[in-house]
Amino acid sequence: MAATATVRLQRRTIGIRRALAPIAEARGMARSMLWAGTGLTLVFVLLAIFAPILSPYGFDQYQSGGHRFAQLAHPSHAHLFGTTVQSTDVLSRIVWGAQTELEVVGLALAFGLVVGVPLGLISGYFGGPFDRGAVLFMDAMFAFPPLLLAIVIAFLLGGSVSSGVLVAALAITITYIPQYFRVVRNHVISVREEPYVEAARALGAKPLTILRRYVFFNVVQNVPVIATLNAADAVLTLTALGFLGYGVQPTQGAEWGYDVSRAVSDAASGIWWTGLFPGLAIVLLVTGLTLLGEGLNETINPVLRRRSIRKVDFAAPSLEPASELLDP
Amino acid sequence: MGTQGSSLKRYAITRLALVVPMVFILLTLVFLLMRVAPGNPVSAALGGHAPPKVIKQISHQLGYDKPVYTQYAHYLGQIIRGNFGTTISDRRTVGSIILVNGAATLELTFFAMIVAGVVGLLIGLLSGRFRDSPIDAGGRLFGIVVYATPVFFLGLLAQLIFGVWLGWLPISDQASPITQALMQTHTNIFFVDAIIDGNWAALWDVVQHLILPATTLGIVYGGVFIRLIRVNVIRTMKEDYIEAARARGIRERSVVYHHAFRNALVPVITVVGLQLALLLGGAILTETEFNWPGIGHELYVYLQNRDYAAVQGIVVVFALVVVAASIVIDFANAFIDPRVRY
Amino acid sequence: MTAVLEVRNLRLWYGTARGSVRAVDGVSLEIAAGSVLGLVGESGCGKSTLGRGILGLLPEGARADGEVLYNGRNLVTMSPRDLRRLRGPDLGLIFQEPMTRLNPLMRIEDHFKETLEQHESKLTPKEVRRRSLDTLGRMGIPPTRFRQYPHEFSGGMRQRIMIALALVLHPSLLVADEPTTSLDVIVEAQILRILADLKENFETALLLITHNLGIVAEACDHVAVMYAGQIVEEGPARDVFADPKHPYSRELLRSTISLDTKELHSIPGAPPNLINPPSGCHFHPRCPDVMRVCPARDPIETSPGPDRRVLCWLHGPESEIPVGGDAPMEREQIAIAEEA
Chain R
5 MAATATVRLQ RRTIGIRRAL APIAEARGMA RSMLWAGTGL TLVFVLLAIF APILSPYGFD
65 QYQSGGHRFA QLAHPSHAHL FGTTVQSTDV LSRIVWGAQT ELEVVGLALA FGLVVGVPLG
125 LISGYFGGPF DRGAVLFMDA MFAFPPLLLA IVIAFLLGGS VSSGVLVAAL AITITYIPQY
185 FRVVRNHVIS VREEPYVEAA RALGAKPLTI LRRYVFFNVV QNVPVIATLN AADAVLTLTA
245 LGFLGYGVQP TQGAEWGYDV SRAVSDAASG IWWTGLFPGL AIVLLVTGLT LLGEGLNETI
305 NPVLRRRSIR KVDFAAPSLE PASELLDP
Chain D
1152 MGTQGSSLKR YAITRLALVV PMVFILLTLV FLLMRVAPGN PVSAALGGHA PPKVIKQISH
1212 QLGYDKPVYT QYAHYLGQII RGNFGTTISD RRTVGSIILV NGAATLELTF FAMIVAGVVG
1272 LLIGLLSGRF RDSPIDAGGR LFGIVVYATP VFFLGLLAQL IFGVWLGWLP ISDQASPITQ
1332 ALMQTHTNIF FVDAIIDGNW AALWDVVQHL ILPATTLGIV YGGVFIRLIR VNVIRTMKED
1392 YIEAARARGI RERSVVYHHA FRNALVPVIT VVGLQLALLL GGAILTETEF NWPGIGHELY
1452 VYLQNRDYAA VQGIVVVFAL VVVAASIVID FANAFIDPRV RY
Chain Z
4 MTAVLEVRNL RLWYGTARGS VRAVDGVSLE IAAGSVLGLV GESGCGKSTL GRGILGLLPE
64 GARADGEVLY NGRNLVTMSP RDLRRLRGPD LGLIFQEPMT RLNPLMRIED HFKETLEQHE
124 SKLTPKEVRR RSLDTLGRMG IPPTRFRQYP HEFSGGMRQR IMIALALVLH PSLLVADEPT
184 TSLDVIVEAQ ILRILADLKE NFETALLLIT HNLGIVAEAC DHVAVMYAGQ IVEEGPARDV
244 FADPKHPYSR ELLRSTISLD TKELHSIPGA PPNLINPPSG CHFHPRCPDV MRVCPARDPI
304 ETSPGPDRRV LCWLHGPESE IPVGGDAPME REQIAIAEEA
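Protein sequence lines correspond, in order, to chains R, D and Z. In terms of this note's numbering, the first sequence opens at residue 5 and continues consecutively. In terms of this note's numbering, the second sequence opens at residue 1152 and continues consecutively. In terms of this note's numbering, the third sequence opens at residue 4 and continues consecutively.
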């Protein structure tokens, strides 16, 4: 038992190392993209985790020690990013907002993967009427502008589901399921005909074994890239929902998109800090996730991958003759 | 030429035949979605202040008291006849919303598309051509940051800088009130109407109002193009026929323009069609922010009013537009790329 | 006979993360006008790199050194612009895989138009059409198909189109890189016929790269055998086939299948890694006649007969072989030498 466990662990470490190899080998622009993306994303993850410590005030706190904060106060020492029309602290809302964004995006990705990947695997591997039906259905879903679909879902769920985070996550999930489905299904179809899968089938492996052991691992390689890029997209959808007043409600948590929507009326009178900072937070988080995803894509995807090249040097020392063999 | 025409026709027929079940599923999906929602749509739209008798009467008028399958059959029948329904809150037909507000959306998205095309082609092609050079690094960074910028935030910055601080351009509405009052309606597209009338002052006013929202939406949408075009150029430059062209001594400029760029743009056309959905989504946000009286803006208002019938009608129209666009794009593709027809 | 192309001590190396790949390492060749030179060897021995390198078509990160003389001008040091002008009207190249070599969005007509207009800008559209149809016709492609797209043709037809596209400019030298490998046997025979008739019809010299010795025997005047980036033997095709001097050529000939083949023969071992090739003679680890001198010293070119050369210690020069160097070497010793 112990031996098999070690073997399995070993195999897994080798698997992980092989999966990470392209990252270690990444060069040039892909490398800097990966690092910058990881750094930016990490900053927001840390902000989200340590929000209670890092944030000067609560996300909806408008007073401290019995006296109310000034309305629409300029950035100052007391409020680094200024205050909003409701006297809340802009910086605090950004820090707490990081938590909201990551919660929703994490949930949405998990839902999307759990539903979309198995559906795509089954549909692509077995084909038949189920596959045709599923493809048609997903294609129909594609016809809806994703944001529109998310808005309508959030609008409909808003009445019956009280948790704004859940509403937003479900609304975003529905827009991504067709994407996961399509990518996984198409990949499965190409992998299904690969010689090694055919060989496994010829050896009498059961469909489920083939799916699990051969197809799944091959297809899953693409998932990190899609998931990261979708996370970036999900942040944009969430903030768009917030901008229109759907999803996370103002009483439930700070949401950057909502903050920007409140700032539109401020902008007309030249007040910039209520909109600029939450907007920049969105840009930075999405940039971070996108850089990470693109960097991964470039290192993993062989079409875009670039071999590292060392310069040719004709003057390099020639091979040493094995002259010792001549002396018996 | 004859064979080409017939194969195109055959392709068109198969493509259209495939669309019918999809549209059917799509319509059913919208219907189910709107019926799943809790509460009576009429009382929701009237704001809960209306007396029960009125609610009952209107519900009867609109057929909400009939069994669901009857409603469904009626809904499908109406749509086939081109009737997308009537709003509950202000009793407008969805058809009139499309005519009046759709024109504003068309104006906005058309000019946004031009901006997106110019930005995307220019930066995407250069980035892909000079891969890994400083041009490429700059182009990619621009593409990523633009993609990462929500359209409503870019709009806010534009309003702040060009509207409020510099005072160059108006930050809301499709035209100033005076222009709107004086202009005659031909197509509902202000830009076209002003040209038809030869009213250059109105045209200038319309253009001024158009610049900020169209550029905002266009730049964000252009970010998608940049990424796509760049990758396709890189991929195409590795094709065997590129090497073969070089082996024939074709000038590098011709290799790049005639072979690489042209071939790289074919798949882009398909994606442009798919991305129309994205553009329409962006239009909802842009119209809301710039108070632009398009369909997206109306949708936002009807959502606020909880007018299910209006939302249902508008969602159906959006989806059908996307489907229609995808068909047009596929035909265009079949025309450009001879392989598709087979 | 005058040489249309002369390659002198050409080296073509690729830079990779693990070091330089010596794909072509000190090759010298001559191709006489209107003649056919066969270049044979296993896959991965540098044949294709040599063929492309002559036209200056090298992948990124590759470097060239030595001389490729065409009409007295060295192509290795020539400006990319001048080299580009020579590609097409002077030097043509056709490829192994014809299916992907034509631009799928361009009609056959457009390919010819583009090629002719770039190199002979004075031609009128009428002349362009006449020249293209004439060349295509000689390849057996009827004028009715001139306006069709590449995907409407079979692999064999596309290869004929590619050849026509190269020949329409009347190049003095055509490099054909395994032109029939991906085609079926009947089509292969047709393509070979076309290539063999080149000098009669177009006065074009041909460098025919292949791993198929049957093709060489049938179509070539001269043959050069390549191994691990070097030419190990060269001479008139008939002579080399009748009496191969290099053990590698001999083994290669023995591996071919003919009607009286009773059992299959193969050369043990695999072609060497070109980043760090074996010392001395690169073939020594697989050579049945290996001697003590082979791994120790680089072989020296000798001429075992008229118009022939070979790179093997079996043929001397005696004066360079140390005392006892010509004693046969046991396999175990090679293994040790390899590990060292």
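One thing to keep in mind: the hints can contain errors.
Partial list, derived from the structure: chain R residues whose beta carbon lies under 7 angstroms from chain D [what the hints assert, rightly or not]:
no., residue
1, PHE159
2, SER269
3, ASP270
4, GLY274
5, VAL287
Among chain D residues calculated to face chain R with C-beta under 7 angstroms, some are [claimed, not checked]:
no., residue
6, LEU1159
7, ALA1163
8, THR1165
9, VAL1171
10, LEU1183
11, ASP1283
12, PRO1285
13, TYR1408
14, ALA1428
Derived from the structure by calculation, the hints contain no laboratory data. We put the beta carbon where it would ideally sit given N, CA and C, even for glycine.
Cross-check of the supplied hints:
1. Satisfaction of the interface hint for R:PHE159 is found here, the shortest Cβ-Cβ separation to chain D being roughly 6 angstroms, below the 7 angstroms cut-off.
2. Interface hint at R:SER269: violated, since its Cβ lies 11 angstroms from the closest Cβ of chain D, which is beyond the 7 angstroms cut-off.
3. Here the hint on R:ASP270 is broken, as its CB sits about 9 angstroms from the closest CB of chain D, past 7 angstroms.
4. Because the beta carbon of R:GLY274 sits about 5 angstroms from the nearest beta carbon in chain D, less than 7 angstroms, this interface hint is met.
5. The beta carbon of R:VAL287 comes within 5 angstroms of a beta carbon in chain D, closer than 7 angstroms, and the hint placing it at the interface holds.
6. Annotation: D:LEU1159 was flagged as interfacial toward chain R, and the flag is violated, the nearest CB pair being 23 angstroms apart, outside 7 angstroms.
7. A hinted interface residue such as D:ALA1163 counts as satisfied when its beta carbon comes closer than 7 angstroms to some beta carbon of chain R; here the least separation is about 18 angstroms, so the hint is violated.
8. The interface hint given for D:THR1165 is violated, since its Cβ lies 15 angstroms from the closest Cβ of chain R, which is over the 7 angstroms cut-off.
9. With a cut of 7 angstroms, the hint placing D:VAL1171 at the interface with chain R is violated, because the nearest CB-to-CB distance is about 11 angstroms.
10. A cut of 7 angstroms between beta carbons decides the hint on D:LEU1183: the least distance to chain R is about 11 angstroms, and the hint is violated.
11. For the restraint placing D:ASP1283 at the interface with chain R, the shortest Cβ-Cβ distance is roughly 6 angstroms, inside the 7 angstroms limit, so the hint holds.
12. The interface hint given for D:PRO1285 is violated, since its Cβ lies 11 angstroms from the closest Cβ of chain R, which is over the 7 angstroms cut-off.
13. With a least beta-carbon distance of about 22 angstroms to chain R, the hint placing D:TYR1408 at the interface is violated under the 7 angstroms criterion.
14. Hint status for D:ALA1428: holds, given a least beta-carbon distance of 4 angstroms to chain R, under 7 angstroms.
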